[in-house]
Amino acid sequence: MRHTHVLPFAIILLATFLTLSCEKQAQTKPSAGCPDTPPVYENATGEFDPIAVPNEAVPCGEISLWGAAMPRSLNMWQDYNSFSVSVISMLFEPLAELHATENRPVGVLASSWEISPDGMSYSFEIDSRAKWSDGKPVTAYDVQFYYDVIMDPKNLTPIFKVGLSRLERPEVQDSLHFTVKAIDPHWGNFWEAAGMVAFPKHIWENADFNSIRFEFPVISGPYEIKQMKIDRSLELARRADWWGRQKNYNAGKYNFNKITYRFMEDRNKALEALKKGDFDAYPIYTSSIWINQTDFDAVKKGYVLKNRVFNQEPKGFQGFALNLRRDKFNDVRVRKALSLLLDRELMNEKFMFNQYFLLNTYYPSLWEGNRNPNAPLYLYAPDSARKLFEEAGYTVNAQGKLTGKDGKQFELTFLNHAEDVRHTTKFQEDLKAVGIEAKIETVSLSTFRQRIDEANFDLCWIAWGAGRLSDPEASWHSKTANDRGTNNVPGLQDSIIDSLIEAQKTEQDLNIRNEILKKLDIRLTEIIPYILLWQSENNKILHWNRFGYPKSLYGKYNREEAIPVYWWLDPKKAAILQAAQKNGEILPIPEEDVI
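Residue numbers for the sequence shown, in the working numbering: 1084 to 1678.
Treat the hints as calculated values from the structure; they're not laboratory data. Nothing false has been slipped in among the hints.
Calculated lysine-lysine pairs in the BS3-like style (CA-CA distance at most 25 Å, straight line): (1) K1515 to K1419; (2) K1509 to K1419; (3) K1359 to K1656; (4) K1515 to K1433; (5) K1522 to K1491; (6) K1352 to K1384; (7) K1655 to K1389; (8) K1359 to K1384; (9) K1655 to K1665; (10) K1419 to K1488; (11) K1389 to K1352; (12) K1411 to K1491; (13) K1562 to K1602; (14) K1656 to K1341; (15) K1214 to K1309; (16) K1509 to K1433; (17) K1419 to K1470; (18) K1655 to K1634; (19) K1389 to K1665; (20) K1411 to K1488; (21) K1601 to K1639; (22) K1411 to K1470; (23) K1562 to K1244; (24) K1352 to K1312; (25) K1312 to K1341; (26) K1515 to K1488; (27) K1522 to K1484.
What follows is a set of in silico ranges between Cβ atoms, one per label pair, in the way DEER data are often shown: (28) K1634 to K1341: 22 to 28 Å; (29) Q1395 to E1668: 34 to 40 Å; (30) I1313 to G1550: 29 to 35 Å; (31) P1300 to A1546: 28 to 34 Å; (32) K1341 to P1459: 49 to 55 Å; (33) D1119 to P1268: 52 to 58 Å.
Please read these numbers as outputs of a predicted model, since none were measured by experiment. Note that the Cβ used here is the ideal one computed from N, Cα and C, for glycine as well.
With the sequences and hints as input, model every part of the structure.
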């Protein structure tokens, strides 16, 4: 996979007559035109992806998926979000990517590479078969152009500048060969170089990259954008002429002729759309929906399958980011007091049916049981919070308001874009009980992201994914604190954190780097840049029983972004489902948990 990995929730009832009519509508998914056997590409070369099922997967049909809220842009280099990353990974290709099950590189655009003995220089050869969708060859100059675009000061690509700034501009020897030299030693230098993407220089050379949002007329990947309806849907079409089918690693992958993402932020409406057949698969991120609303008739009959997926996907974190650029959060006792006023245990029980574990770490996957043994687990303790505020110089005035030494009231504003504000409202109530005036400001998703980019907020709920090879620099280094669009959303600046980031840069041993990350995690829990929330041990999904997929459903490290990559429409399953719906028959229901 070429991507990783990450927001709050809601609840509604469905009338019986609607359920029946929805299931009737859901019978007509086409499977005509599917070949009887998987295709064979006789001239394909290289190793196979161990997750894919090339002896079963057939290229045909279509799938409709939930796209959540429409992003501000599909240009992931400017608007980095999980949806845009997933889409772009099917349009553009890097030089190499992480193997599906092992921590080693697999060539994508690059057919080969060499690393100098000192580990500071990387020479790549572009696969001579690689072609753009307009038929022109992908060249070394296209990769060099990517570097130029990302590093151009006028382009809003701060997240990607962090890593590329460690590399010199690629030196092109000829159309297929180039060399990248590292400026300073770093374990991730090769991965940064290998992760460079080819941009179509012959198309974009005179374009304003900041204005490229939804139109990508020339691409090199397995899909192209067929249609984009603003705030409604995105349709991708499978490219019959994709050069990548000459690589065995792509056998059994990218099977759907059409992929449609429908944008719908309300998660209850999305569930109704699945029941109606407007979505073929729907990942569930709301516990109340999973517990209370996923045993409808189609599930009981085996028409819609319900799965919890347990795999080795690295776990990220979520929490309320505190804008440390603002004076009100300067005192760590204030940040700790706010953490003690968040009643996570009650929320987990009342709103989420104890489906989550409470976080006390920013890197759950580093620790046994996802718990940092060296950090406190903050539980609701309003009396302790009051004491901390008092130690920090705050008092409660005659009107019951918490005020500082300057007489100003302590006030907070939660920047929010979600419809479900149950958790934030409960937090707001508990803050009010100790004299803190807290407001919830709800804005559109695009405005939310713009405000985050501009660091114009007090607190905001953010969920972060995690990668298999973690480099903390972009998220936590002081030099990124005031960059527009930074991943360092709180604006953290700490010399100890910086020194730990510097220490891990030159360490090639992953186990030793993880030990450094543990020290960094401990320091983060001391600083409290986020009021940490919770995380899930599994990924939940509903999907219509007409698809084939790997035994592990998502693979070793993935979540639902694996669906358009590894799944396929199974004509036999589709026919069985249609007959069962017509005759009112019950289909066998497999195990819910996939491990």
